[in-house]
Amino acid sequence: MGFTIAVSGKGGTGKTTFAGMIIRYLLEKRKGPVLAVDADANANLNEVLGIDLKGTIGEMRELMKEEVPAGMTKDVWFEYKVQEALTEAKGFDLLAMGRPEGAGCYCAANTLARKYIDLLTGNYHYVVIDNEAGMEHFSRLTTQDVDLLFILSDSSRRSIITAGRIRDLIKELKSNIAKDVLVLNGVTGPLEEDAVEEIRQNNLTLAGVIPACGEISRYDRSGMPTFNLPSSVPSVQAAWRIFDQYIL
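Positions 5 to 252 (this note's numbering) are the ones given, in order, by the sequence shown.
There could be a bad hint or two in this list.
Here are the computed distance ranges between Cβ atoms for each label pair [said to hold, decoys possible]:
id	residue 1	residue 2	range
1	A182	M76	34 to 40 Å
2	M76	D172	40 to 46 Å
3	R118	S235	24 to 30 Å
4	D198	L90	43 to 49 Å
5	L195	L173	22 to 28 Å
6	S235	E176	36 to 42 Å
7	E201	K119	43 to 49 Å
8	P234	G16	21 to 27 Å
9	N232	E71	40 to 46 Å
Simulated from the structure, these hints should not be mistaken for lab results. The beta-carbon is built from N, C-alpha and C at its ideal position, and this holds for glycine as well.
Taking the hints into account, I'd like the entire structure generated from these sequences.
Have a look at this one:
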């Protein structure tokens, strides 16, 4: 089983960009192959990575309502359709979960998806998961344990408190998380003492600070994938220092 890295955090903290940086780091360090999993219902990790999305697990679940082709079992047919949704790229593959299920029972589809995803992750050295804040969507679709969880936050008191709540919520899920650390993203200037104290009170381990970056904003505005940010950008360099310390 590969080493699984998850990224969580409330919206607007830059977690998807950060997940893209992890994938790039792993490829540059020749640690592939990598499976990228977009477990956020609002799937946009593919845009950060600069690739087109072929499909989502959510769309495959919808297909489970249809007739299975003659001569195929439901398991084999579903595995085939999920394989179709796997987007292949240089050094990594991307699997997007898509939106959570709507009306009707998806228990059978979720069970098959969970079985297939657990098998799939075993084919990669690293699995990188971009999550919704509490990882509930992903936890429904895999029994995969997480080796390292990065919780993204800005440096405000409210955001750090939210990071602490996210950590507590995640620990209530069945997924086993070996290690979790906090990353403060988009920080302007030195870290204030109040922020340091709030981190301590919430029992969070600070992995590092990533400075605010005008280049990331420029890339986003221009529709360019932040996966291709120059290595000289301070935010990329700060992220690499964190990865050097925590990623095996």
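Hint check:
Checked against the given bound of 34 to 40 Å, the beta carbons of A182 and M76, roughly 38 Å apart, stay inside it. A hinted range of 40 to 46 Å holds for the C-beta pair M76 and D172, which are about 44 Å apart. A beta carbon spacing of about 38 Å between R118 and S235 contradicts the range 24 to 30 Å that was offered as a hint. For the pair D198 and L90, the supplied restraint of 43 to 49 Å holds, since their beta-carbon distance comes to about 45 Å.
L195 and L173 have their C-beta atoms about 25 Å apart, which keeps the hinted 22 to 28 Å range intact. For S235 paired with E176, a C-beta distance near 39 Å keeps the hint of 36 to 42 Å intact. Checked against the given bound of 43 to 49 Å, the beta carbons of E201 and K119, roughly 46 Å apart, stay inside it. The beta-carbon spacing between P234 and G16, approximately 24 Å, falls within the hinted interval of 21 to 27 Å.
Look at N232 against E71: about 43 Å separates their beta carbons, and that is inside 40 to 46 Å.
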